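Generate the whole structure from the sequences, applying the supplied hints.
Going down the list, the sequences are from chains A and B. So for the first sequence, my numbering puts the first residue at 1; every next one is plus one. So for the second sequence, my numbering puts the first residue at 1; every next one is plus one.
Careful: at least some of the hints might be erroneous.
Just so you know, same-sequence chains aren't split out, so a pair can sit in one copy or run between any two.
[As the list claims (entries may be wrong)] Cut-off 27 Å, straight-line C-alpha distance, at most; resulting in silico cross-link-like pairs (DSS-like, lysine-lysine): (1) Lys63 with Lys13; (2) Lys115 with Lys90; (3) Lys69 with Lys126; (4) Lys32 with Lys13.
What the hints contain is simulated information worked out from the structure, not anything from laboratory work. This one's a predicted model, so the numbers in the text were calculated from it and none came from an experiment.
Protein chains: 2
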Amino acid sequence: MDTFLQAAIEEAKKGLAAGGIPIGSVLVYEGKIIGRGHNQRVQHGSVIHHAEMNCLENSGRQKASVYQKCTLYSTLSPCPMCSGAALLYKIPHVIVGENVTFQGPEAYVRSQGVKVEILQNEECIKLMRDFIAARPELWNEDIGV
Amino acid sequence: MDTFLQAAIEEAKKGLAAGGIPIGSVLVYEGKIIGRGHNQRVQHGSVIHHAEMNCLENSGRQKASVYQKCTLYSTLSPCPMCSGAALLYKIPHVIVGENVTFQGPEAYVRSQGVKVEILQNEECIKLMRDFIAARPELWNEDIGV
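Dropping the structure here:
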């Protein structure tokens, strides 16, 4: 398996172990992970620290030229906010664990020139299926439903 | 003048006084401000706390039914990330101080059913014009250029 996706899944599991929503993300630059993160809605009462946002924040202030060579991994299809963050920083490549349990605005992101790959990873799907079944109200809050 | 825009401008000025990027935002629900914020790139080394994001975070975890009756004010046209946050939470109305110095994806946001009003407020324009002239490298970093 893609080791970067595996690292994103590890982040998702860290979130789950802490009582949070199991979505993880890593930012990869020139073959190395420069930031990792996971959803912090429960842990920090955050409405903006989705996994990808937390990952970008943990990656620190990077030059535009760095972002423009990065790949953003997420265990789940990025929502409008996280997709917009990728567009803001002109991250050219987004690799997504799965979009079965939730689908963000992938067509719009692609229309802006970003390569979006969907892996349909079974572990990512199971993490979210189990979580949504267990905590539907928390999941709905996270996606504004 | 719109007192909510004035409150957003006050936030922008707080940011400027702290050495930061002068963009402010407030979230209004049923005629009352429920959150305020300003850009925190300099102050907290943040790449995700644009004014609107900081405002949403400071507003705390709200129900979907609350967001769906809110108006988000920003002194500047929201970037793709902040526009995406408004879309995630289905905030139906965005009021923008100006879009002369920077323009986010307003057409896309409108296409998703959001009412976007642009006020072209002179004070908002001057805040950003002066800041961009003084700190172009910082401004470029904030918009991924």
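Tested hints:
In this homomeric assembly, Lys63 and Lys13 come within 27 Å of each other (Cα to Cα) only across copies, at 26 Å, whereas the closest approach inside a single copy is 30 Å. Proximity of Lys115 and Lys90 under a CA criterion of 27 Å is satisfied in both settings, with 11 Å inside one chain copy and 26 Å between copies. Taking identical chains as interchangeable, the C-alpha atoms of Lys69 and Lys126 are never at most 27 Å apart, the minima being 31 Å within one chain and 34 Å between chains. For a Cα distance limit of 27 Å, the shortest separation of Lys32 from Lys13 inside one copy, 21 Å, qualifies, whereas the shortest one across copies, 39 Å, does not.
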